[in-house]
Every structure is written in C-alpha cells, then in structure tokens.
Amino acid sequence: MADGPLLRALFRCHLWASARLMPVLIAGRSFEDVLKWAPLTSSTPYRGLPATYIVARVNRAVRHPWLMRDRRCLREGLLGHRFLRLAGFDPELRFGVDPKSLQTPRVSAHCWVCLDGRPVVSDRLPGMVEIYRHHADASKAPRVTRPSACYGLNGQILGISAERPELWGDFDRMLGILRIEGAVEPGFRLDITEADVLNEDPGGSLVFDGDIPEDGYCRMITEGGITHLVFPGRQTVAINDEGRWAELRVRPGAKAAWTPSMLVLDAALDAGGQHMLHTAGLTLPGHDAVVLIHAPSGTGKTTTSLALATQGFGLCSDDAMILNVASGKPLAWGLPRHVKIHQKTAEMIPQVAPCLGPLWDRNGEQAVSLERLSEIVRIESPIARPVVALLHLARSADSQTRLVPMARTDAMVALAMDNVRTGMTGLLPLQKRRLATIGRLVSSVPTFTLEVGARPADAAALINATLTERD
Amino acid sequence: MEIVSGTILRLADDASVQHVGDGAVVLLARSGQLYTCNGTTEAFLDKVDGARSLDQIVGLLCQEFEVDKDTLDEDMAALAADLVSEGILAAPGA
Numbered sequence: 099m100a101d102g103p104l105l106r107a108l109f110r111c112h113l114w115a116s117a118r119l120m121p122v123l124i125a126g127r128s129f130e131d132v133l134k135w136a137p138l139t140s141s142t143p144y145r146g147l148p149a150t151y152i153v154a155r156v157n158r159a160v161r162h163p164w165l166m167r168d169r170r171c172l173r174e175g176l177l178g179h180r181f182l183r184l185a186g187f188d189p190e191l192r193f194g195v196d197p198k199s200l201q202t203p204r205v206s207a208h209c210w211v212c213l214d215g216r217p218v219v220s221d222r223l224p225g226m227v228e229i230y231r232h233h234a235d236a237s238k239a240p241r242v243t244r245p246s247a248c249y250g251l252n253g254q255i256l257g258i259s260a261e262r263p264e265l266w267g268d269f270d271r272m273l274g275i276l277r278i279e280g281a282v283e284p285g286f287r288l289d290i291t292e293a294d295v296l297n298e299d300p301g302g303s304l305v306f307d308g309d310i311p312e313d314g315y316c317r318m319i320t321e322g323g324i325t326h327l328v329f330p331g332r333q334t335v336a337i338n339d340e341g342r343w344a345e346l347r348v349r350p351g352a353k354a355a356w357t358p359s360m361l362v363l364d365a366a367l368d369a370g371g372q373h374m375l376h377t378a379g380l381t382l383p384g385h386d387a388v389v390l391i392h393a394p395s396g397t398g399k400t401t402t403s404l405a406l407a408t409q410g411f412g413l414c415s416d417d418a419m420i421l422n423v424a425s426g427k428p429l430a431w432g433l434p435r436h437v438k439i440h441q442k443t444a445e446m447i448p449q450v451a452p453c454l455g456p457l458w459d460r461n462g463e464q465a466v467s468l469e470r471l472s473e474i475v476r477i478e479s480p481i482a483r484p485v486v487a488l489l490h491l492a493r494s495a496d497s498q499t500r501l502v503p504m505a506r507t508d509a510m511v512a513l514a515m516d517n518v519r520t521g522m523t524g525l526l527p528l529q530k531r532r533l534a535t536i537g538r539l540v541s542s543v544p545t546f547t548l549e550v551g552a553r554p555a556d557a558a559a560l561i562n563a564t565l566t567e568r569d
Numbered sequence: 074m075e076i077v078s079g080t081i082l083r084l085a086d087d088a089s090v091q092h093v094g095d096g097a098v099v100l101l102a103r104s105g106q107l108y109t110c111n112g113t114t115e116a117f118l119d120k121v122d123g124a125r126s127l128d129q130i131v132g133l134l135c136q137e138f139e140v141d142k143d144t145l146d147e148d149m150a151a152l153a154a155d156l157v158s159e160g161i162l163a164a165p166g167a
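In the order they appear, the protein sequences are chains A and B.
The C-terminal residue of the first sequence carries number 569 in the numbering used here, and the numbering is unbroken.
The C-terminal residue of the second sequence carries number 167 in the numbering used here, and the numbering is unbroken.
Accuracy of the hints is not assured; some may be wrong.
No farther apart than 20 Å at their CA atoms in a straight line, the calculated lysine to aspartate or glutamate pairs in the EDC-like style are these [unchecked claim]:
| no. | chain 1 | residue 1 | chain 2 | residue 2 |
| --- | --- | --- | --- | --- |
| 1 | A | K427 | B | D95 |
| 2 | B | K120 | B | D95 |
| 3 | A | K530 | B | D119 |
| 4 | A | K438 | A | D268 |
| 5 | A | K530 | B | D86 |
| 6 | B | K120 | B | E147 |
| 7 | A | K530 | B | D87 |
Just so you know, these hints were derived from the structure itself, not from any lab.
Because the structure is a prediction, the values reported are computed rather than measured.
The task is simple: from the sequences and hints, build the whole structure.
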C-alpha cells in the first residue's frame with residue numbers, strides 16, 4: 099500500500115496498541131526475549147512511510163508513559179526499531195552503559211536507534227560506552243545502494259543520496275566544483291526521495307506561515323530537534339541540526355522550490371561551525387585577504403563587486419559568503435555559484451559584455467557562470483581566507499563615492515536584519531548561532547559604510563588605500 | 074510598571090544581547106526588532122540578572138564609571154523604564 103491517509107491511520111493504530119501493550123508483555127522477560135520486540139527480519143507493511151514521520155510518531159507515543167516510566171529509552175528504542183523495520187528501513191538498536199555506574203548496585207544503561215549510522219530515536223548520552231548493536235547481519239540483509247555525491251565545504255562534508263542524480267541538481271549547480279570523488283564520511287547527510295504523498299502536517303509548533311519570494315507559500319514547523327519546511331503539494335524537508343541529517347521529499351513533476359536546498363546547506367554549514375551570509379566578498383589586489391560587502395538585495399552588490407573586480411580585486415562571490423569565526427580570526431569563502439547580472443549592471447560595467455548572451459529573464463537578468471567571468475576578471479577559488487573588513491554598501495546621495503567608518507553596532511544591525519530570521523516562536527537555534535557569528539565578525543574587523551556614486555569603480559582605490567594603510 | 078530603587082528586572086525571554094566591542098545590539102526575537110546600545114546601556118544590561126535590584130546595579134555602575142550616585146539613580150531609572158516599555162527587560166515573575 100502506498101503512503102496515504104489509510105496507511106498512516108493503520109500505522110498509528112498499530113503503534114498506539116504496541117506502545118501500550120509492550121510494557122506488560124516484556125515485563126520480567128530476559129534481554130533476549132525483550133529484543134524479539136525489535137525483529138531483525140519482518141514484513142514491510144508500512145513501506146513508503148518516511149523515517150521522520152515514524153520517528154516523530156514513536157516519540158509522541160511514548161511521551162507520557164504510564165508504565166516503564168524509568169525506561170523510556172527502551173520503549174522508544176524497541177518501538178522505533180520495530181516500526182522502522184516494518185517500513186522497510188534497516189535500523190540498528192544500540193545499547194550503552196555508563197562505566198562509572200558499573201561499581202554501583204544499579205547500572206546506568208541507555209539505548210538508541212540509528213539509521214545509516216546516525217541516531218534517529220534518542221541518542222548516545224555523554225560518557226556512555228556502547229556495548230551491543232542489535233542489527234541484521236549486513237552480509238545477509240540485502241542493501242540497495244543509492245546514487246550519492248559528496249561536497250567539501252571547507253572543513254565540512256555534505257553527503258547527498260537520492261534515487262537518481264538529477265534530484266540533487268540544485269546542489270550541483272551551487273557546489274559543483276566542490277564535489278569530492280571517492281569514499282568520504284559526510285559530516286551532514288541529505289536523503290532525497292520522490293514521493294507521491296508528502297507528510298504535510300508534521301506535529302509541532304508553527305514557526306512561519308506565508309510566502310517566500312520566488313518559491314511561494316510554505317509553512318515551517320519545529321518539533322523537538324527537527325525543523326520541517328512544507329511546500330504543499332510540492333516539497334517537504336525535515337532537518338535535524340543535532341543529528342546532522344536532512345530528508346527532502348519531492349513530488350514527481352512538481353516545481354522544485356529553492357528554499358529547502360538553501361536551508362539544508364545552511365544546516366550543513368552550521369553543523370561545521372560555518373554560516374552563509376548575504377554579502378559579496380572580494381580579495382584585495384595583491385593580497386589574500388577578503389573584504390565583505392553587505393547590502394540588501396537591489397542596492398548594487400553585484401555592480402560594485404564587478405566594478406571592483408575590473409580594478410584588480412578578486413571575486414569570491416557577489417552575494418553569498420560563508421563565514422567561519424571559530425578560530426577567533428574570521429575566515430570566509432564564496433559560494434561558487436553563477437553571478438546574476440542585471441541589464442543596468444551591464445550598462446554600467448561594459449567590460450562584462452563579452453560574457454553576456456542576447457537573452458534576459460523576466461527580471462532583466464542573466465546568469466553568468468564563474469568560469470565565463472574568469473575570462474575577464476580574476477575569480478578566486480572557494481578556499482577560506484582571512485576577512486579584513488566589513489563594508490556596508492549604500493547609494494551616495496551626491497553621486498560621490500566615499501568610504502567612512504561605521505559604528506560596529508550599526509554594522510551589526512544592518513547585517514543581522516538581512517541575515518537572521520525570526521519566527522513566531524522566537525529565534526531558532528541555528529539563527530541564534532548565526533547572530534553570535536555576526537557579532538564575532540563585527541567585533542573582529544573594521545566596519546565601514548561604502549557610499550557608491552556614479553562610478554562604482556572609484557571605490558577600488560578608496561578601499562585599497564584605506565585597508566592597506568591599516569596593515 | 075513602576076520603577077523604584079528596589080525593582081528587580083531580568084532580560085525578556087526573547088531578548089538576545091550581542092556585544093560587538095564598542096556597544097551592543099539587542100534583538101527581540103519575536104518581533105525581529107533590533108536595537109543598538111551605547112556603552113552605558115550595555116554596562117547596565119550586563120548587570121541585570123533577575124536578582125539584583127536597581128539600587129544594587131546603580132551601585133555597581135557608580136564604582137565602574139566613578140560618577141555621582143544621585144545623578145545615576147535618576148538616569149538609570151529612566152533607562153530601565155525605557156527598556157521595560159520596549160520589551161527588552163521584564164519583571165522576574167512576568
């Protein structure tokens with residue numbers, strides 16, 4: 099039976115009954131008998147249900163235990179393993195003990211369920227030593243190998259698996275040159291599946307409900323450590339920041355939204371201590387140091403970036419830089435995706451003409467690959483470089499170009515307004531970390547306002563002189 | 074809310090303070106409103122902990138900035154009232 103309301107109703111009934119009967123049926127049984135509740139082989143009547151749905155339902159079923167109150171992890175573990183297996187997944191039930199408790203009358207033990215090696219129901223507790231894995235013999239269990247790809251994000255590896263490579267096309271367009279061939283262990287995993295029926299009503303708190311530019315209507319819901327983004331009838335994504343995994347479900351033939359991919363990339367970067375900021379980034383002429391240029395969309399980041407690039411600056415990105423402040427000295431690298439050049443930009447920077455084609459989209463723009471742009475300006479490779487300044491771009495009121503110091507607090511507000519998203523329930527954890535990252539950036543580098551006038555290229559000499567003097 | 078010397082305040086649940094070297098920025102998460110703070114406001118917010126009274130905070134600020142307590146009493150009461158009205162500070166039980 100395919101995923102649908104009937105299958106889900108049957109699943110919920112079965113789970114509800116199992117959750118209530120299990121404490122009675124396993125009371126006083128041996129460990130071996132208890133494990134029979136987590137069979138290693140079984141039929142798969144619930145095949146088609148997403149793992150996130152099963153896990154969320156299991157957590158809900160054991161939320162208010164009236165039996166086995168002190169053994170909640172075992173209830174969760176057995177039920178999680180059992181129902182994941184009944185849905186055709188290949189879970190492991192892992193057991194651990196706290197070594198310090200071995201000398202005490204009551205040993206402290208814990209269990210959790212892993213899928214593809216990552217915890218999905220409960221998690222290993224700090225200090226616990228794993229003592230047993232309940233898992234079908236890999237040599238006997240048939241495994242289906244899905245196509246997969248890995249991308250190196252300067253210290254973090256994003257691994258993506260899907261039924262066919264076309265499903266990760268968005269990621270390839272953004273990260274193609276960061277692709278890693280060969281066997282590597284991802285630090286963050288994304289699983290993409292096509293599904294006729296999407297889980298559009300996950301339980302939890304509604305964080306956002308409204309339209310997103312370009313992508314249309316969506317809802318964001320948080321439940322425990324999982325963030326769900328639902329584009330009804332099109333796409334859903336479930337992201338577990340701490341578990342370092344995401345599941346993207348797409349409806350065959352539906353127009354794919356861009357936001358879920360960006361959200362997954364944000365989560366993968368965050369898991370590696372990095373944050374993507376809406377800024378341009380350019381290296382100073384003759385230096386490896388990066389200057390970040392921030393401005394809301396439509397202010398002229400791309401025009402200014404290209405103008406600076408024609409004056410000897412190296413272009414890292416015109417609108418998406420990835421920042422890492424872990425070492426105390428901010429480092430940044432550019433998302434190596436195409437540059438969208440507006441007709442007006444092309445008029446102001448005629449040097450880009452050889453890279454342009456004859457067709458413009460409905461926004462009056464055309465996407466130009468970095469490879470193509472490298473024929474006329476220096477394109478920097480996506481490696482992390484030290485940040486030397488943060489510039490807030492503004493249009494000059496009198497057409498003169500100026501570079502003037504900006505209060506750190508004002509720079510922080512300007513950058514946070516454009517990069518930190520608040521929701522109905524406050525700041526999500528990732529956004530809190532992003533805010534702190536922005537704070538550390540602003541505290542660490544000089545901040546300026548760059549007022550750009552009629553000739554954006556004039557900014558090059560000003561920036562170069564000001565920042566080189568500070569060296 | 075009346076602010077007197079014995080008033081105890083805390084940071085509102087949805088307020089985050091981010092220090093940036095020469096001042097601070099406060100974000101109210103629910104509304105998305107951002108505020109910049111000068112050094113004095115930053116020092117005041119640093120001492121608001123849900124346990125100290127306004128009088129105790131003023132005492133600490135007097136030591137830190139070597140200013141007259143009477144002047145600071147008045148200024149800090151006005152600042153506290155502003156911060157409460159903006160939703161940045163709240164009473165401990167609120």
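Note to self: Between the alpha carbons of A:K427 and B:D95, is the straight-line distance 20 Å or under?
What the structure shows: It holds: about 18 Å lies between the C-alpha atoms, which stays within 20 Å.
Point to revise | Hint consistency between B:K120 and B:D95 [alpha-carbon to alpha-carbon, up to 20 Å] | key: It holds: about 17 Å lies between the C-alpha atoms, which stays within 20 Å.
| message | Against the 20 Å threshold, does the CA-CA distance of A:K438 and A:D268 hold or violate the hint? | response | Measuring from Cα to Cα gives roughly 16 Å; hence the hint holds.
Review point. CA of A:K530 to CA of B:D87, is that 20 Å or under?
Key: The given pair, whose Cα atoms are some 11 Å apart, holds under the 20 Å limit.
Would the pair A:K530 and B:D119 pass a check requiring their Cα atoms to be no farther apart than 20 Å? OK: A:K530 and B:D119 at ~19 Å, within 20 Å.
- Proposed proximity, B:D86 with A:K530 (alpha carbon, max 20 Å): Cα-Cα ~13 Å, so holds.
Q.
Checking one constraint from the list: CA of B:K120 to CA of B:E147, max 20 Å. Satisfied?
A. holds, 17 Å
No hint from the list above goes unmet by this structure.
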